[in-house]
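J.: Spelled out from the first residue to the last, the chains are:
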Amino acid sequence: MPHTSPARDDEAREVFLRLQGVIRSTLVSYYLLTPEEADGAEEDLLPWFLRLARRSGNSPMAPKALRVALLSAACQYGRSLQMWKLGGRRSTDPRLDDILSREPEELAVDLQMRLDEELP
Amino acid sequence: MNGGRVLRFPPRAMPPEEIENSADRILSMPREARVEGADAVRLEQPDLLLSVCARLHDRLDSEPAEVRDDAEHLYEFLRVPARPIGLFDEREYFLGELALIAGTACRHLSRRDEARLWFDRAEGPFLHTVSATADLSRLTYQRLALRAEERQVDAVLEMATPLRESFEKLSMPVDALKVGFLEGVALTEGGRLQEAAELYRRIGAQAESLGAERLAAAALGNLTHLYGMQGDAARAIEASRQAIPVLKRLDDRIALAKVQWGLAGMLRETGQVAAAIESYRAAQEQFEQIGMRADVAALHLVIADLLLELGEEAAARQSVLEALPVIQDLQMVPEGMAALQLLRQSLREERIDRPALRELHGFFPDSP
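As given, the protein sequences belong to chains A and B, one line each in that order.
Just so we're aligned, residue 64 is where the first sequence starts under the working numbering, counting upward by one.
Just so we're aligned, residue 6 is where the second sequence starts under the working numbering, counting upward by one.
In isolation and in its complexed conformation, chain B is listed as follows (with noise of 0.2 Å):
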């Protein structure tokens, strides 16, 4: 039998307006000064630190750089020294919740080794939370979300089922929402774009039926995409309409660019190709402001495509230079390299591989 003292904890609970401003000013701290000041702010409390949290996760869609920055910053706080935090589990849970924010807030990025590596930080921790199903379920719903950024089309329609079965059994219905986003992610890969548009149009009306209004506008959002695609302007048009005041409203940057994304997409589709390059660079401008690079970069590429089209070779040709070292760097496209060889032979004898060009983009998502 293992013995143990049960610590008591003092008993001064923090009155919830003081959470909510503690945890304000500690996010608007320099991060070193958090550390330094951690005894004045009170770091170590539970309540304090679930409330970060909590901003953490709402400011994940708007500025994943930051939040990732802070996440690790307090991830590495709780864990060394091993400070003693709240009771039971409480320590598992912050290091975990904290490495899962940090891992998601990469994914946004595309940093997606590192991504993989906070997954793997969050595991061990989770598995020592009383709540450690449901925390588990959410690392599988993020790594599985990685899979669906990489196109592992079948992988992920393969993991998606007993994913969403596992969110109902524990009755979480927002997640389980949530996989069917994945699961149109990669139907749209697949090509099955008409079992894409049921699948959101159901995620949408769920969603609204559970007042998830989030996830109801992000499914407009991908239904403009969508609808964009199939070159149907007038219902990516109203889709677009119904999700971007609810985007907005709730600063989800991320939805937003990718709305931009889809109506481009819906330009080019309808033969209006001077319009889709203004609307992916506008989209691209908002990636830029978020920090993600690689849809920056991928988006390069497709500009560059029309451009060609426009038979503007020299700006195709810097579009494409531009989003190179970026594809290089983030390692995006390791499926690609052929692809990526040709066009940047071509670019040095100052022309474009169009093939290659359009097999590179062709690499990224379609869908934003």
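Extracted from the complex, chain A is given alone in its bound form (with noise of 0.2 Å):
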């Protein structure tokens, strides 16, 4: 009996093909992430993302949820990539550190909101 459904990996991805450009640019503009290295982060974030999509089978996430958990993993993943790369230091963009000092769940809500805003 499958337990990968197709379908759902299919509405995953559509998910994730929309909120690529805000995950990219929030990589790159907020935690001054290479385009190289948010590369690699998109890379990662992809398989994780549709392996979330398919947990608990008969209980899934709603999509709204899906988005949230998603950018919330993006942010985790650009804010501990740059403070490791930080090596602990404060950084000399004074934004890049009021980010860094924000909780990437919090900052992920936030762009939720801003894309709920825009989106019809």
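No lab work stands behind these hints, which were simulated from the structure alone.
Just so it is clear, CB atoms sit at the ideal spot from N, CA and C, and this is done for glycine as well.
It is possible that part of the hints are untrue.
Facing chain B, from chain A, some residues (calculated, C-beta under 7 Å) [to be verified]:
#	residue
1	W111
2	R117
3	M124
4	A125
5	S135
If you anchor each label on the Cβ, the simulated ranges turn out as follows [unchecked claim]:
#	chain 1	residue 1	chain 2	residue 2	range
6	A	A70	B	A160	37 to 47 Å
7	A	N121	B	R207	14 to 24 Å
8	B	E243	A	A70	33 to 43 Å
9	B	E71	A	E166	34 to 44 Å
10	A	R165	B	E218	43 to 53 Å
11	A	D161	B	R84	31 to 41 Å
12	B	E155	A	A125	30 to 40 Å
13	A	S88	B	E200	52 to 62 Å
14	A	E180	B	A38	52 to 62 Å
15	B	E327	A	R76	48 to 58 Å
16	A	R76	B	G216	20 to 30 Å
Combine both chains into one complex, guided by the hints.
T.: See below:
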């Protein structure tokens, strides 16, 4: 009996593609990752996100919850990578320090709210 | 600020077919061999674990004892040593999910203290998943189901509404519907049979509209029992006729045994005592095969009562004697200790204290 659902994978991929621009700009503009690092982040995030959508098969997450989770994971990724690069030092960019001081989940909710306003 | 490096994981994803085959292979292996060959079967692959969890979920209603052992084994495999699993919250998710599965299986097997322990084990990891609200709501459902089985009617009716609303807010309509079953059990226990029947009919219709056929069939199964309790043979038989083929196809052996129990109740209510005994025994055999000892024991008491009605005192005694050790072992009815003692005493005197017998089996849920 198959347990991997192509339909759910397709839906999750669609959500990922719709948010890919926001994720990239968050990683590059907010967390100041390089484009190559952002590529790597997207590569890691996609399979994780497809698995997230398949969790607890009979109780799938709602699309909005999936979006928030993806944004949150992206912010977590960007933050932890940038902090690792800084090696515990403060950055010379106060905007980056400000972003790094915020919880990733908090920033993700802000991003989601902005998306909600923009989407029809 | 906490620093932390994001570790990269091997990028090669397993193709879906390989995942399915590996999950089947892992679960068919002896448990010890799974750990010994963990590297070969890539047991730490999150895709694979996801598929294994889905399989365990599917088998909960047909092989709870096996599922419990499998879930425990995999939980321990992930827990010690603390293996890195996937990305972000995946290790926490799998620990929580496997504990939840093990606890649910224990609940089916009436191993209630153990179920509570597993649910406690699930809570910690679930607090750290990105889907924490949904995961913890599913955990709350299992805890409430345990209360329903312990006949905590008021608590269930009080807590069901906020839980259902939580699932609705999370856009988890199937889980919201499942909460209705707990309310139905509580209403049945409280003697509010009409309300319970109305609720199950509504659940059945909504489940069908959502394509949740397992729930729709389970609602029909519970209606079989309710109509049976009301002595409405025609509707009980019709409900069972609709439920059984679906449950057989889904291999939902627990629900099938419960339908059989419901039909037996209907036969008893309509005065067909001998046929009722046969039907209860059929249900009992099905519970036995699944390893649901508590239900087997409860049915022994019901059967004993009916055997007394037929004047078969010796057979009734035998039936009670088979039930008592299980009741004691599983500590099934702490509130029915007095009745249990009376019954035991009467058996020593080679007779059955029927009021004590009835009081004791009154402590088991009427609703299967």
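J.: Against this structure, judge whether each hint is valid.
T.: The hints, checked one at a time:
1. W111: holds (4 Å)
2. R117: Holds, because the Cβ-Cβ distance from R117 of chain A to chain B comes to roughly 6 Å (cut-off 7 Å).
3. M124: Since the shortest Cβ distance to chain B is 6 Å, the answer is holds.
4. A125: Cβ of A125 of chain A sits 3 Å from chain B, so the hint holds.
5. S135: It holds, given that the least Cβ distance between S135 of chain A and chain B is near 6 Å, below 7 Å.
6. A:A70 with B:A160: 37 to 47 Å: Given about 39 Å between the Cβ atoms, the range holds.
7. A:N121 with B:R207: 14 to 24 Å: holds (20 Å)
8. B:E243 with A:A70: 33 to 43 Å: holds (34 Å)
9. B:E71 with A:E166: 34 to 44 Å: holds (42 Å)
10. A:R165 with B:E218: 43 to 53 Å: Holds: the Cβ-Cβ distance is about 45 Å, inside 43 to 53 Å.
11. A:D161 with B:R84: 31 to 41 Å: holds (38 Å)
12. B:E155 with A:A125: 30 to 40 Å: holds (32 Å)
13. A:S88 with B:E200: 52 to 62 Å: holds (54 Å)
14. A:E180 with B:A38: 52 to 62 Å: Given range 52 to 62 Å: holds, Cβ gap about 55 Å.
15. B:E327 with A:R76: 48 to 58 Å: holds (56 Å)
16. A:R76 with B:G216: 20 to 30 Å: Holds, since R76 of chain A and G216 of chain B (Cβ atoms, about 22 Å apart) stay within the stated range.
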